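Trainee: Each chain, letter by letter, is given below.
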Amino acid sequence: MKKCFRVVGLGAFLWAFNGEAETVFVSLEKDNAIAVVDPVAGKLLKTVAVGRRPRGIALSTDAKFLYVAVSDDNIIKKFNADTLTELADLPSGNDPETFALSPVDKRMYVSNEDDSQISVIDVDKKTVLTRIPVGVEPEGIAVSPDNQWVVSASETTNMVHWIETKNYTRVANTLVDPRPRALTFTADSKQVWVTSEMAGKLMVLDAKTKQIIKELVFEVEGVTAEKIQPVGLLVDKHMQRAYVALGPANRIAVINVANLTVEKMLLVGARVWNIAFSADQKYLYSANGLSNDMSIIDLEQLKVIRSIGVGTNPWGLAVKP
Amino acid sequence: MSLTHYMRAMLGIIGRELWRFITQRERFISALVRPLVWLFVFAAGFRAALGLAIAPPYDTYILYEVYITPGLCGMIQLFNGMQSSLSMVYDREMGSMRLLMVAPLPRWFLLLSKLLAGTGVSILQVYVFLLIAYMYEIEAPWQGYFLLLPALMLTGLMLGALGLLLSSFIKQLENFAGVMNFVIFPMFFMSTALYPLWKLKESSKILYALASYNPFSQAVELIRFALYGQLNHYALAYTLVTFILFSSIAIVGYSPSKGMMARKGIG
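Sequences listed follow chains A and B, in order.
Residue numbers for the first sequence follow this note's numbering, beginning at -18 and rising by one.
Residue numbers for the second sequence follow this note's numbering, beginning at 2 and rising by one.
Where hints are given, some of them may not hold.
Unchecked claim - Pair by pair, the computed Cβ-Cβ distance ranges are:
| # | chain 1 | residue 1 | chain 2 | residue 2 | range |
| --- | --- | --- | --- | --- | --- |
| 1 | A | 24 | B | 140 | 19 to 29 Å |
| 2 | B | 245 | A | 24 | 54 to 64 Å |
| 3 | A | 2 | B | 214 | 17 to 27 Å |
| 4 | A | 200 | B | 56 | 25 to 35 Å |
| 5 | A | 284 | B | 24 | 32 to 42 Å |
Just so you know, the hints here were simulated from the structure itself, not pulled from any lab data.
All values reported here derive from a predicted model rather than from experimental measurement.
We put the CB at the ideal spot given by N, CA and C, even for glycine.
Next comes chain A alone, as it looks inside the complex (with noise of 0.2 Å):
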């Protein structure tokens, strides 16, 4: 009976987003799926069974090759990123979360949260090169932009590992504070940025000495400190902002790189857990896992712009131009 029709609604949103045509592929952990999705038209296109509790999500450096770890399957499953046929199964050894591919060369870096260890994978060969021991659940994981370094977290020994890519050795460990769950190179590949989940803060380490130099603490005015659990976190490629998902205080805080202070709070979906940029860094994406959608953030006037329904528990995203 009380059809809304929605006239200018509809013109309002497409002028709102310029941003290139590009496709956002989602996983969904208890769906078994990614969802496919279009954020200029800002609607969920189709949703793709990949296998049991799909989570870490990646897209090759050419963008040709979709990366989706499948957790309980205990396998990397690799897509063709325009059909999402399935090509090839990667040997990624138990419980792979989260992984990191390198920028240059075809090495593929995996947490295996249950074992205490990063695997190294030879894309093209899919045989496992090496495994490197680490601390106790290790989870976010990332490769310098130059190369030079593979850093994991690992979220019960609150330590950062700092691995050399050319011998595949760990050679330093950072303490941190309690339960780092992600963490992100600068561009320049001169500092970690790691966020600590328990302390509901955000700690910026130097690639040279391997110490923390810089620290945030999270507050969010109406929401209680234990709810500010901070997770995935991108810093743009001019290292002007980062961003910081704040899991279920359901906010992504936007920060000032230069001074490390909170420019804005953006208000997502319920439990923000991982978010990617757009090809073109206009727009940030965000995936939701308890109120199962995703935020499309307007990067230039710091608005989110939609939530669109993808499906259960979405948690990681890769963006495809």
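Let chain A serve as the given structure and place chain B on it in line with the hints.
Mentor: Chain B alone, transformed into the frame defined by chain A:
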């Protein structure tokens, strides 16, 4: 009687009302303070209590302040409508209403002019309120601020007509407290101004039904959708029908031969 006479009379009534509003600085400030207190105090306290759900016209999650802003626009118009009715009772007591009513123009036209005058004042108040809200980062798409104008015209007329209708029943100024208790508060609280319908449905089906059929709810929804560049056809039709109904009864109520005024010996 020429069209010029009609226009002159209408502009005279609107001008008088606007002049009264502008010169009465306390009235202007108090009209703004009420919704601002709700926005900055009440909404801030309830920020986390609303829960999450995306419902039209919103495309994403919103803070509670954002949700109640259209409701507070409606509140401004509701209070203004009642204020107009208060001024009608006052005018009647003071005798200036008699002067107006004996003007050589149809009574329905004079009452409609009075309604338009009140609506104009309420629209001014709403835009000033939205400007303050904008500075508090409660922003709507820019098109919404233009599309809001016709919506506010209709909702202002409907709520003004309701006030007019009530004023035809009230004999003395003192009875206005009853209007506050029995009309304004129930209308405001049993509406979608403070909580969405789905939230009311969770707590009480009766409340949900009352809120659904409350004309104030539909006025608020019309404002809400317009502010976000959308048209809610149901709310538009509902508000239009209730406006016609209320204004017709009010015109009959003010008719010296048939209405309540005849029974009260006024007119």
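Trainee: Indicate, hint by hint, whether the structure satisfies it.
Mentor: Outcome of the hint check:
1. 24/A x 140/B: 19 to 29 Å: The hinted range 19 to 29 Å holds for residue 24/A and residue 140/B, with Cβ atoms some 24 Å apart.
2. 245/B x 24/A: 54 to 64 Å: violated (40 Å)
3. 2/A x 214/B: 17 to 27 Å: This hint is violated: roughly 45 Å between Cβ atoms.
4. 200/A x 56/B: 25 to 35 Å: holds (29 Å)
5. 284/A x 24/B: 32 to 42 Å: holds (40 Å)
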